[in-house]
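Chemist: Start from chain A and add chain B according to the hints.
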Amino acid sequence: MAHFVEQIIFGLTVGSVYALIALGYTMVYGVMKLINFAHGELFALGAFVGYIFLVTLNWGGLLGPALAIGCVAIIVCVATALAGHALERVAYRPLRHSDRLAAVVSALGASIFLQNVIMVVWGAQYRAFNASLLPTIVWRVAGQSVPLIRVFVFLTAVVTMAGLYLFINRTRFGLAIRAAAIDQGAAKLMGVDVRKVIAVVFLIGPALGGLAGLLVGIYYGQINFNMGQMYGLKAFTAAVIGGIGNIGGAMIGGLLLGLLETLGDAYISGAWKDALAFVALILILVFRPTGILPERVAEKL
Amino acid sequence: MVEVPPLLELKSLVVAYGGVEAVRGLSLSVAAGELVTILGANGAGKSTTLMAISGLVRPSGGEIYFKGQRIDVLRSHEVVKLGVIQSPEGRRVFGPMTVEENLKLGAFTRPGQNLELDLRRVYELFPRLFERKKQMAGTLSGGEQQMLAIGRALMAQPKLLLLDEPSLGLAPLLVKSIFQTIKNINQSGVTIILVEQNAQAALKLADRGYVLDVGNLVLADRAERLLNNPQVRDAYLGAR
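Protein sequences appear in the order of chains A and B.
To convert, take the position in the first sequence, counting from 1, and add 4; that gives our numbering.
To convert, take the position in the second sequence, counting from 1, and add 132; that gives our numbering.
Be aware that a few hints might be false.
[Stated by the list, open to error] Here are the simulated lysine-lysine pairs, DSSO-like style, with alpha carbons at most 30 Å apart:
| no. | chain 1 | residue 1 | chain 2 | residue 2 |
| --- | --- | --- | --- | --- |
| 1 | B | Lys265 | A | Lys200 |
| 2 | A | Lys37 | B | Lys236 |
| 3 | B | Lys199 | B | Lys213 |
| 4 | B | Lys266 | A | Lys200 |
Simulated from the structure, these hints should not be mistaken for laboratory data.
As the structure is a prediction and not an experimental result, all values here were calculated from the model.
So that you can see chain A by itself, here it is in the shape it has in the complex (with noise of 0.2 Å):
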């Protein structure tokens, strides 16, 4: 049990990632009822917009890592939300009033679409983020190691969860967006222009996926145009495990699974990692479909 601590940093290094991504599925279904089935792929799309500035244009060279990490940040948020904008117009909105099943399958086929799209810009090889763009320090505590990398994937995910927090839940608009949750013909009756709810939660939920693609780009150093399939469905289980729809349990959940694959990993064995996750998944839909966060109050009289 040496290295327990080490594992739980580790894990929840991983699992706030799982955490950021989990976020982005859990607003859409929040609002839309809907599974964005194309929100790994928008993942996948930070990580190589993060290539394009960090790799190919080498701006960890040029900027100093602060810098160009806080630069590149910015710049993946805003090109997937762009692209989570355009997914929304062609691949959703003509689609608001079919049938679920309607959404579902452009959902997958956004997907298939989105991932080649990747894969012909940059190839189907993996590609490789600068090594030495974060120096590599790694601190003693109590003799435990615990690296610079892990705490700044974990504590851009942790301020980057926070601010979303409070912006849900202490501004006009989160308010807005909380409502348009709950019951959407109610909050249009409150004056809420629920459409453009749905234009923002696809700006912020594809954002918080791009930024956790960089964020696992710099993390393990390489990247591959299909690494957002097992991210969104490791995502994905996650916001299930922690309710779907619930922005807290999104979290939780996420740092949950991490903290369950990496101990996984280290006690039980590394090859039964992705299928304890999904045992998971399966575990909460067969027993607790709700999540395990406490439900909430009846809806009804």
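Modeler: For chain B alone, coordinates are given in the frame of chain A:
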């Protein structure tokens, strides 16, 4: 006398769901300050009419004017911004939000304005809401949720208030107090359209009434005359 346009005017309104017409050429008008009730059995098209006024369903024919401006072409949040506020059937309060958050949502179209005064006014009208302002709306009783639904609508400072079945499912004593409150709101200057199945109580309150039957207007008259109308008595007031 100068002709003042009515506050709200429906001209041959037709609303269809799929191929079925729920409202078939309804014309009615409401003057500023009036309390008008729309009566009719289930499926008469009352709620559909209110939903069309609020812009939640698109009419397939006819026109709706508010203060002379055509509003059936607007989107729902634009209609709300004009001051046409609906408290919908079944209350539709936001269950997982607190009472106070629900009230603040009611004032959504008035950003940046100081809501303290309006909140205080609603709490004076419904002291129960004040006691429960931090409580989740979903945990309120049916009567309290109705108070919240009306209070939430008032937070928008309505020029025209649309109330859909505010007495549905409430205990008789509570119905009486809700209706008294509606009267008070009207007397404070808010024009009201009240949709009700409780025809007797609604007619006692209202200035005028319209009676719908499967999407058609069958009667329109002053409330006290509708109360004494044998046709209405037979069909809606339960008199034999």
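Chemist: Are the Cα positions of Lys265/B and Lys200/A separated by 30 Å at most?
Modeler: holds, 29 Å
Chemist: Given the hinted pair Lys199/B and Lys213/B, is their Cα-Cα distance within 30 Å?
Modeler: holds, 13 Å
Chemist: Is Lys266/B within 30 Å of Lys200/A, Cα to Cα?
Modeler: holds, 29 Å
Chemist: Decide if the proposed pair is consistent with the structure: Lys37/A and Lys236/B, CA atoms, cutoff 30 Å inclusive.
Modeler: holds, 25 Å
Consistency with the previously given hints is maintained throughout, with no hint failing.
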